[in-house]
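**Student:** Residue numbers (my numbering), protein chains in the order written: chain E, 1 to 241; chain B, 1 to 290.
The set of hints was computed from the structure by calculation and includes no laboratory data.
Just to be clear, a hint being listed does not mean it is correct.
[To be verified] Derived lysine-lysine pairs resembling DSSO-like cross-links, with alpha carbons at most 30 Å apart:
| hint | chain 1 | residue 1 | chain 2 | residue 2 |
| --- | --- | --- | --- | --- |
| 1 | B | Lys160 | B | Lys3 |
| 2 | B | Lys240 | B | Lys75 |
| 3 | B | Lys251 | B | Lys70 |
| 4 | E | Lys175 | B | Lys85 |
| 5 | E | Lys175 | B | Lys149 |
| 6 | E | Lys175 | B | Lys90 |
| 7 | B | Lys160 | E | Lys175 |
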Amino acid sequence: MTFAYEFRWSVLWQHPYGEWMLQGIWTTLTLGTICWFLALLLGIIVGTFRVTPWRPLRILATAYTELFRDIPLLVQLFFWYFAAPRVLPAAIEQYLYRQVPNVEFWVVVIGLSIYTSSRVAEQIRSGVQSIPPDQFFAALSTGLTHFQMYRYVTIPLAIRIMIPPLTTEFLTTFKNTSLAMTVGVLEATFMSQQIEAYTFRGLEATTAACLVYLVITMLVVLLMGFVEKKLAVPGLIARGR
Amino acid sequence: MKKIYLGLLTGFLALCFVAPVFAQGGTLEKIAKSGEFTVGVRDGAIPFGFISKDNEHVGFSVDVAKEFHKALEKKFGKSLKFTLKTTNPKTRIPLVSNGTIDIECGSTTHTVEREETVDFTITVFMTGTQLLVKKGSGIKSYKDLPGKKVGAAQGSTNEKAIRDLNDKGEIKPAANLVVYQEHSQGFLALERGILDAYCTDGILLAGMRAKAPNPDQYEVAGGFITYDPYAYIVRENDSKFRDFINIEIIKMIKDGRYAQIYDKWLGPNGVVPYPMSEEFKIFQKLEAWP
């Protein structure tokens, strides 16, 4: 069995393809990280609203979560890029589209952060609801206000429970950044396709893209494992081993 | 543990044997054996391949592909399944190379560079790279592009043309090139005001303009930045199939079917009125081997 295809791995680091690939990797890293931190911030807020006793906050948070969770990410990106600026006054819209450098990148930041935050909110909700209610009653009975209870009891406990599912969300955010290429963001997948378009070396280019994402996500898993160990409260969560 | 490794190894080997299947035999044998003629068509290249109001693939190249289908059925004396697959400037060459489609009938420019990976039929149309702008934008040619936002489709000759102009310094300061996946997205961006100009082949721009809700707002600007002869993509080193298709195209030129299809899509009552230039008429006459 012989492969009729000749591999030419050098296209990946030849000038200018090597620079393209590095630029793409850098964009993926920055896009993924910025989106993740924004999503975490928004997600924690919305997730907490989902479990408060006050109905208006709960309704607001539920609407937010369902809306952004149920629409495909690609559709949401197109919405933010092509449709959303229409509601702004024409002058601001033109400024956004023409003057802001890299507007495509920032539009994806908005779209991906909001999408991921709705999923993070759900993780938060399930994390909080998995804490036995006795903890809350105990906290309230020691004289803490609701807000203090959230701050000192609920959220710290919930975060430690939720680190594994949140790690998955972090990884998914990086993988979702590949959709940004459809609105013109020059990230790793786009660049690998660009190399393929110029050199017709499809196999090498796609393998490069796979490796890039594998390496990034494995680094994330390592990082989160480290965070999990650091944050662990001894005896708080049952461990398998 | 050993069982898992064995299972993985078997699976991997099985995959390896599937891959070289398309390396054997010519396209004509493949079509005869499988009874299926698969054609790649576009869905955003008006009027060569686009989606009609009834959600069907229609266009100049689609009609030409239908003629190829009829000719193949006559040749093999049996009915063949006619399958259309959507391609875009990025996927069209890889899909022909790996055997997913037998021929790509769209609006592909025949270039020397592309000849390294695939083969082309004889030229079926001629155009060049131009710019689509909104009326009143003040852009008359590529020289007005410095600092402006220009769109193009990934993998197209037009994207390469703008990139080369930027790199060579012919557009100073460089134009901001935004790359989309299909022309329909780029046109939407132009319409929304995200782009100052969208760059692709002149005939496709005329097509996008004709299909726009308000054609008077747009104009096609600039002379031809590049020369783009259209041809259909076929697999490398497959002369039997390529000869068959070429001879079919020549037959169509000689017996008037080509003129009919041209008139339907590019004639005065067509989707995009675009009279055949005198040079193209002469070119066609010379191209039709006796």
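**Student:** All hints, please: hold or fail.
**Tutor:** Right, here's what the structure says about each hint:
Using a Cα cut-off of 30 Å, the hinted pair B:Lys160 and B:Lys3 is violated, with the two alpha carbons roughly 51 Å apart. The hinted pair formed by B:Lys240 and B:Lys75 meets the criterion: a straight-line CA distance of about 13 Å does not exceed 30 Å. Proximity of B:Lys251 to B:Lys70 is assessed by CA-CA distance (about 13 Å); at most 30 Å being required, the pair is judged to hold. Straight-line distance between C-alpha atoms of E:Lys175 and B:Lys85 comes to about 27 Å, which keeps the hinted pair within the 30 Å bound.
Distance check on the hinted pair: E:Lys175 and B:Lys149 sit about 28 Å apart at the alpha-carbon level, within 30 Å; holds. A hinted pair counts as satisfied when its Cα atoms are at most 30 Å apart, and E:Lys175 with B:Lys90 qualifies at roughly 21 Å. Distance hint between B:Lys160 and E:Lys175 is fulfilled; the C-alpha atoms sit about 28 Å from each other, no more than 30 Å.
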